[in-house]
Amino acid sequence: MIHVASIAERYEHWMAKYGRVYKENDEKVMRFNIFKENGEFIESFNSAGTRPYKLGINEFADMRNEEFQASRNGYKRSSHKNSSKATSFKYENVTTLPSSEIERSSVAAVEGIHQLKTDKLISLFEQELVDCDTKDNEGCDGGLMDDAFQFIIVNHGLTTESNYPYQGVDGTCNKQKEASHTAKITSYEDVQVNSESALLKAVANQLVSAAIDASVSAFQFYK
3 MIHVASIAER YEHWMAKYGR VYKENDEKVM RFNIFKENGE FIESFNSAGT RPYKLGINEF
63 ADMRNEEFQA SRNGYKRSSH KNSSKATSFK YENVTTLPSS EIERSSVAAV EGIHQLKTDK
123 LISLFEQELV DCDTKDNEGC DGGLMDDAFQ FIIVNHGLTT ESNYPYQGVD GTCNKQKEAS
183 HTAKITSYED VQVNSESALL KAVANQLVSA AIDASVSAFQ FYK
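Taking our numbering, the leading residue of the sequence shown gets 3, the next gets one more, and so forth.
The hints are simulated quantities; they were obtained by calculation from the structure and are not laboratory data.
The beta carbon of each residue, even a glycine, is placed where N, CA and C say it ideally should be.
Warning: the hint list may mix true and false statements.
Claimed, not checked - Label-pair ranges, simulated between beta-carbon atoms:
1) E29 / V205: 41 to 49 angstroms
2) A10 / V156: 29 to 37 angstroms
3) E61 / A200: 21 to 29 angstroms
4) A18 / A72: 24 to 32 angstroms
5) N35 / K203: 46 to 54 angstroms
6) I155 / L118: 32 to 40 angstroms
7) E42 / S199: 36 to 44 angstroms
8) N27 / L118: 57 to 65 angstroms
9) T174 / E11: 26 to 34 angstroms
Said to hold, decoys possible - In silico DSSO-like pairs for lysine-lysine, Cα to Cα no more than 30 angstroms straight-line:
10) K30 / K56
11) K38 / K19
12) K56 / K186
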């Protein structure tokens, strides 16, 4: 258990280190309590010794996990227990993808596979996924690569970046621009979970789209 006196001292040192200044004393007290709770979590996690890594106090130590997720996280973990974190593709006339974390990962993989197949790199645009792929994904708030690829398949492809410029914010889907398809994929395939050999086999032939579930507290304080 962390003693209050020592944690208060550590908190002041932490504030100085990261230049943290609070407008009101009430906020400082609230953040201190969060800092204390996070410190206890880190101490308990490290003492358990059940993981091959350690956690430590960092710049996010005065943030609740929900706040950390809202500010950093774009990957929305699937509800399926066996969902994999890497996806490979079968391609047909494939080009470039978008760049809002999950959209960026999806697009980069498709761009890469197109270049491997045709020796030409064409820039596709992620804003189309941000604006139009709203059934399961949440635009700039994150989503799953699988849902992005499914959207591309159903939509019969994506348009180019020049036709649908990136805005960096959620917008309204432009149906006219969306209808202009430059590249498409015909299917995608999940790489076997926790299999290094399966992943090596996939990346030997093409790019693999990957994401990290950064929603857990252990990731917030990963050392």
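Please flag the earlier hints that this structure goes against, numbers listed from lowest up.
2, 3, 6, 9, 12
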